[in-house]
Amino acid sequence: MSSLVHDLGAGTFDLARAGRELYSVFVRTLYYVVRGRRERGAVVRQMYEIGNRSFVFVTITMGFIGMIMVYQSGIQTKRILPEFSLLGATYLELLTRDLAASLGGLMLATRVGAGIAAEIGSMVVTEQVDALRMSAADPIDYLIKPRFLASIVMTTVLIIWGGFVAFSAGGAVGYFAFGISPRTFASVQLVGHGDMITGLTKCLAYGAAIPVVSGYCGLSTFGGSEGVGWATTRAVVNSSLAIIVLNFFISGAAYVIFPK
Amino acid sequence: MNATRSAQENPFVTFAGNVGGGFLNVAGVAGGMGVLLGRIAMRMFPPRIDYPELRRNLYKMSVKSLPIVVITALFTGAIMVIQAAPIVKRLGAEGLVGWAAGFTTLREIAPLLTALMISGRVGANNTAELGTMVVTEQLDALRVLAIDPISFLILPRFIGIVVTLFMMTLYADALAILGASYCAKALLHVEPSSFFHGLTSGLLGFGDVANGLFKSVIFGVVMALASCHFGLATKGGAPGVGRAVNATVVASAAGIFVIDYFVSFILG
Chain R
1 MSSLVHDLGA GTFDLARAGR ELYSVFVRTL YYVVRGRRER GAVVRQMYEI
51 GNRSFVFVTI TMGFIGMIMV YQSGIQTKRI LPEFSLLGAT YLELLTRDLA
101 ASLGGLMLAT RVGAGIAAEI GSMVVTEQVD ALRMSAADPI DYLIKPRFLA
151 SIVMTTVLII WGGFVAFSAG GAVGYFAFGI SPRTFASVQL VGHGDMITGL
201 TKCLAYGAAI PVVSGYCGLS TFGGSEGVGW ATTRAVVNSS LAIIVLNFFI
251 SGAAYVIFPK
Chain L
261 MNATRSAQEN PFVTFAGNVG GGFLNVAGVA GGMGVLLGRI AMRMFPPRID
311 YPELRRNLYK MSVKSLPIVV ITALFTGAIM VIQAAPIVKR LGAEGLVGWA
361 AGFTTLREIA PLLTALMISG RVGANNTAEL GTMVVTEQLD ALRVLAIDPI
411 SFLILPRFIG IVVTLFMMTL YADALAILGA SYCAKALLHV EPSSFFHGLT
461 SGLLGFGDVA NGLFKSVIFG VVMALASCHF GLATKGGAPG VGRAVNATVV
511 ASAAGIFVID YFVSFILG
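Protein sequences appear in the order of chains R and L. Going letter by letter, the first sequence gives residues 1 to 260 in the working numbering. Going letter by letter, the second sequence gives residues 261 to 528 in the working numbering.
Read the hints as simulated data drawn from the structure, not as lab findings. For every residue, glycine included, the Cβ atom is placed at its ideal position computed from N, Cα and C. Hints are not guaranteed to be accurate.
[To be verified] Covered stretches of chain R (chain L as the covering partner; in silico rule of three or more C-beta atoms under 8 Å from a C-beta of chain L): (1) 39-51; (2) 70-79; (3) 100-111; (4) 121-129; (5) 154-161; (6) 248-259.
Generate coordinates for the entire structure from the input sequences, incorporating the hints supplied.
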């Protein structure tokens, strides 16, 4: 019993400490975005690293998820509704409001989060970050800020592209598996302003959360090559959890703010 | 010399080279994973496996992953209801919310998200561990001692990952439904009892649950192979381990989505 209390207490303290440090990284990143040094090249390099190099990955995964979603909902729709005329419109609505952003965000958390943590973690264990600190340069200004700016832009761009790919792939499945004509499928009648705003809010929130969480995991690396592996693992898990929790709160808020 | 340079500078040739290189790379990884699967299968009949190592891995992979699976599943179930709520309201069928949230959760979302979380937590961790062993030459030490690294290290991890993912999907199914039922009560004022009635009244069968569970086993095999393959192929110190982990999570996620489509289509 006492060991259970001890474990719970230790867990709570760890969580609180991690939360405070994460908050401090986030606030310092925001501070440096406004007041930090200007280095245009760094942001563009990170945009290439985060955006262009995830392009194929996002295209493939979102294409397949789009096909799966339409196929599964088609099978289910067949059980209760006589026809498929609303399938495409409902799918586009769901995609705009949630699926494109959340599944794309999870994919990017995996790809980008692991990359950021592995890179910064390797810098920490080879003492390059200590060298930065010794030169009176804050690693957050040099390392996390460019990734933060690049990730916000590129996450939004990639998620919009991913949503487009998922919708097109879904349309193809709708046509070939259920005979829904593309004209019926591509209907925007159910997509409102609320859905667009919700989707874009999610893009921005995920784009901001991924580099902050995984940068924090990378900076807190210790202990050689095993430490880098651990940091990368934690970055993937924590950024994915951050996305799921943010999704819950943003979706809940959107449900209250934009009632249908 | 001149000809080679102009060929290198030609953007079309560079593009073709990149595409071809990418395909060769993917083919190399797939081949490596296939060979690894063959080697693992050879050690499975009759089973030559290190049982203490299997038990240690099962504890580390399954028991230690429970918290993130619990959090993910509860939130996911709730999100599914939030997303299904406007559709259900439009149809005026609040009693169907159990079905609407249930079928996506059980067939797709619970197995898929659990696989992604376990791939981040267990698959990546496993690669980091194997990669560290490779760069510190511990695997070579095993070979020097005439211990087969596949049956001592890889087979227990392979079985551990597959079993972990299957069991975690069972938990995730149950917890996601629980989260969904209470979210439906809060948002749509549907009592949990009528939520569960909507779930079991005949539109959903055991087939839907089995569909998800079957997929989780396939995902587990893909993930375990990717994780062990990239771990064993690590080279180049600490940055190499980071790169290997990165490659594992990317390959697992892409593999899971691609295989999911084909399995869903075949099971249809």
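>> Please check whether the stretch 154-161 of chain R has three or more residues whose CB lies within less than 8 Å of a CB on chain L.
In response: Coverage by chain L is violated for the stretch 154-161 of chain R (0 residues, Cβ < 8 Å).
> Per the coverage rule (Cβ-Cβ under 8 Å, at least three residues), is the stretch 248-259 of chain R covered by chain L?
Replying inline: holds (count 4)
> If you look at each residue in the stretch 39-51 of chain R, do at least three have a Cβ nearer than 8 Å to any Cβ of chain L?
Replying inline: violated (count 0)
> Are there at least three residues in the stretch 100-111 of chain R whose beta carbon sits under 8 Å from a beta carbon of chain L?
Replying inline: It holds, with 5 qualifying residues against the three required.
>> If you count the residues of the stretch 121-129 of chain R with a beta-carbon closer than 8 Å to a beta-carbon of chain L, do you get 3 or more?
In response: holds (count 4)
> Has the stretch 70-79 of chain R got at least three residues whose CB is nearer than 8 Å to a CB belonging to chain L?
Replying inline: holds (count 6)
Going through the hint list in order, the structure does not satisfy hints 1 and 5.
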